[in-house]
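Heads up: the protein sequence lines correspond to chains U and S, in order. Heads up, the first sequence is in our numbering, so the first residue is 1 and it goes up one at a time. Heads up, the second sequence is in our numbering, so the first residue is 1 and it goes up one at a time.
It should be emphasised that the hints constitute simulated quantities derived from the structure, not laboratory data. Some hints here could point you the wrong way.
[Claimed, not checked] A few chain S residues facing chain U, derived, Cβ under 8 Å:
| # | residue |
| --- | --- |
| 1 | Arg17 |
| 2 | Tyr18 |
| 3 | Val21 |
| 4 | Leu78 |
| 5 | Arg81 |
| 6 | Ala97 |
| 7 | Gly107 |
| 8 | Val119 |
| 9 | Gly250 |
Predicted, not measured: the structure shown is a model, and the values here were computed from it. Ideal placement from N, C-alpha and C gives every residue a C-beta, glycine not left out.
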Amino acid sequence: MVETTPLGVDGEVPEAEAGPSFVTRLFGIPALGPFVALILVGAFFALKSDRFLTGGNLSLVLQQTIEVGTLAIGQTLVILTAGIDLSNGAVMSFGSIVMTKLAVDSGMSPIPAIALGLLACVAFGVLNGALVTGIRLPAFIVTLGTLNIAFALTHIYSGEATISGLPGEMTFLGDTFKIGGTAVTYGTVVMLALYVVAWFVLTQAPVGRHVYALGNNPEAVRLAGVHIRRLLVGVYATAGLIYGIAALLLVARTQVGDPASGQTDNLDSITAVVLGGTSLFGGRGSVIGTLIGALIVSCIRNGLTLLGVDSIYQVLITGILVIVAVAVDQLTRRGTR
Amino acid sequence: MNNTARPVLEGRGLVKRYGHVTAMDGCDFELLPGEILAVIGDNGAGKSTLIKALSGAIIPDEGTILLDGEEVRFHGPLDARRQGIETVYQDLAVAPALTIAENLFLGREVRRSGAAGKVFRMLAKRQMLREARAHMDELKIGIRSMRQTVETLSGGQRQGVAVARSAAFARHVVIMDEPTAALGVKESRMVLDLILQIRERGLPVILISHNMPHVFEVSDRIHIQRLGRRATLVATKSITMPDAVAIMTGARSGDLAA
Chain U
1 MVETTPLGVD GEVPEAEAGP SFVTRLFGIP ALGPFVALIL VGAFFALKSD RFLTGGNLSL
61 VLQQTIEVGT LAIGQTLVIL TAGIDLSNGA VMSFGSIVMT KLAVDSGMSP IPAIALGLLA
121 CVAFGVLNGA LVTGIRLPAF IVTLGTLNIA FALTHIYSGE ATISGLPGEM TFLGDTFKIG
181 GTAVTYGTVV MLALYVVAWF VLTQAPVGRH VYALGNNPEA VRLAGVHIRR LLVGVYATAG
241 LIYGIAALLL VARTQVGDPA SGQTDNLDSI TAVVLGGTSL FGGRGSVIGT LIGALIVSCI
301 RNGLTLLGVD SIYQVLITGI LVIVAVAVDQ LTRRGTR
Chain S
1 MNNTARPVLE GRGLVKRYGH VTAMDGCDFE LLPGEILAVI GDNGAGKSTL IKALSGAIIP
61 DEGTILLDGE EVRFHGPLDA RRQGIETVYQ DLAVAPALTI AENLFLGREV RRSGAAGKVF
121 RMLAKRQMLR EARAHMDELK IGIRSMRQTV ETLSGGQRQG VAVARSAAFA RHVVIMDEPT
181 AALGVKESRM VLDLILQIRE RGLPVILISH NMPHVFEVSD RIHIQRLGRR ATLVATKSIT
241 MPDAVAIMTG ARSGDLAA
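Could you build all of it, start to finish, from the sequences and the hints given here?
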């Protein structure tokens with residue numbers, strides 16, 4: 001609606017947009033803190049272990065980030081709207097069972113099976129969005145419910161059995177190619193590409209600005225004439241689609257459909273989002289921060305494993321990190337406002 | 001005031017009932033071109049119901065609304081906005097973490113021309129920054145950068161952003177619902193100046209306020225709402241503050257010559 005800007009001047013602005021000072025802008029970069037944290041974590045493990053900074057190990061770190069990293073993109077979208085999604089790991093698990101079981105047990109050709117798996121995840125996203133907007137239930141409760149529904153459906157449909165012997169189309173994304181002698185999976189590339197797309201839409205397109213504004217002040221967005229319900233359902237549905245892609249990446253990496261997969265991934269994805277500097281109250285943060293947050297978790301897990309530390313300590317440290325990250329977020333917010 | 005001018009916005013016999021409560025009971029309304037019309041009334045007089053009807057937030061049960069002499073029916077706030085009626089709300093309807101420019105264009109973002117805008121839906125960020133700067137300058141709101149987030153602004157400056165947004169996009173009417181209610185003395189001053197600036201641009205303003213000194217300072221005429229109707233419509237110059245309050249509270253009837 002360009003023509004409704006009656007004051008649309010052609011250009012003559014006396015001073016260039018001054019903008020905040022360099023330092024303010026530097027601290028204004030949302031993912032700067034998490035990035036510094038990632039560098040520190042990396043430096044620590046590089047000093048402690050010779051193997052940490054090798055290409056093969058870093059490729060492994062990326063591979064271990066794939067599911068949680070992909071789920072965390074959807075989680076970021078939801079959290080930016082001041083919601084939360086507890087169901088994503090279970091939805092991914094359900095999607096992976098749908099696609100593998102259809103292909104292996106029902107003899108469906110792989111591409112339609114994958115499509116139906118994605119569709120199942122989108123359906124869960126739409127259900128979440130519809131319940132949050134339609135009946136105005138808190139996202140926490142809605143997704144706690146759909147978490148259990150997806151979990152139960154996964155086990156009912158699979159009959160608790162792991163599905164193996166997958167067709168090549170389904171595991172292709174788990175194959176590798178070489179970058180300078182290091183094997184990287186196609187799935188890693190898909191995840192990184194999804195981050196780029198999400199970043200682009202959130203920062204460069206109108207709908208992205210609406211998502212942020214919605215988490216900030218829903219009333220302002222409504223008064224600005226944006227269809228809030230459609231936007232929210234769209235966000236949850238898009239998150240669902242991303243969980244579906246995560247399901248495909250999971251299947252490709254593990255080469256099986258495993259009904260027991262993804263059980264802690266919901267909390268891990270929230271951890272990644274929070275460590276990435278996105279506010280749990282919505283409206284602030286960045287998806288690039290989420291990627292860094294997911295990498296921090298993976299680096300810590302991988303590094304501690306290299307150092308021979310028991311895996312339960314990895315969980316302990318991640319837990320402490322989340323609390324520290326949220327506390328830092330809160331304290332800095334109080335400082336500015 | 002030129003009494004022969006055709007009203008920009010007019011309401012005739014507006015009725016709105018909520019169950020057994022009649023919030024508006026045959027209310028009339030008239031806004032002339034280029035004037036600042038204050039709407040005052042006690043709590044429960046039907047002030048906000050009237051304003052909601054005029055800004056499309058509710059649909060009246062009976063009566064007609066005329067915009068530039070033609071009957072209109074608003075099916076929502078967006079509808080009224082499309083017809084050139086912009087509303088500034090008291091609760092500062094801005095998104096704090098977005099920049100000034102983003103807030104000004106919220107819901108009306110300008111996209112780039114060509115494939116970048118049509119296919120990739122890319123925002124024309126530079127153009128929006130430039131236009132935001134022009135809007136703010138025109139209203140003499142001194143803010144250094146349009147890239148600042150709104151949360152870094154004072155309450156008055158925030159309201160300034162909301163006012164600038166309405167003024168920029170309004171073609172017919174700007175409605176201000178208690179624009180100074182949340183502000184301090186100095187910041188209220190700034191917003192009152194903004195209201196005068198908008199009138200200078202030729203746009204009529206409807207000002208809803210509880211603050212009598214503000215009303216008497218900037219308005220040309222006063223619409224006094226009482227018991228769901230217009231008790232009187234009077235030129236500000238021809239009424240005193242105590243009389244206005246007396247009509248508002250029912251201590252005096254509104255039948256004085258306007």
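| task | Verify the interface restraint on valine 119/S: the C-beta must sit less than 8 Å from at least one C-beta of chain U. | result | 11 Å, violated
| Is the shortest C-beta separation between arginine 81/S and chain U less than 8 Å? | Status holds, d = 6 Å.
| request: With chain U as the partner, please determine if glycine 107/S meets the hint condition of a C-beta pair closer than 8 Å. | output: 3 Å, holds
| said: Holds or violated: the hint that valine 21/S contacts chain U, with Cβ atoms closer than 8 Å. | reply: Not OK, violated: valine 21/S not within 8 Å of chain U, min 24 Å.
| task | Return the status of the interface hint for tyrosine 18/S: holds when the least beta-carbon distance to chain U is below 8 Å, violated otherwise. | result | Cβ of tyrosine 18/S sits 21 Å from chain U, so the hint is violated.
| query | Per the CB criterion, is leucine 78/S less than 8 Å away from chain U? | reply | Status holds, d = 4 Å.
| With a cut-off of 8 Å, does the beta carbon of glycine 250/S approach a beta carbon of chain U closely enough for the hint to hold? | 33 Å, violated
| task | Hold the hint about arginine 17/S up to the distance rule: shortest CB distance to chain U must be less than 8 Å. | result | At about 25 Å, which exceeds the 8 Å cut-off, the nearest Cβ of chain U leaves the hint on arginine 17/S violated.
| Does the interface hint hold: is alanine 97/S within less than 8 Å of chain U, judged Cβ to Cβ? | 5 Å, holds
In summary, the structure is inconsistent with hints 1, 2, 3, 8 and 9 from the numbered list given earlier, while agreeing with the others.
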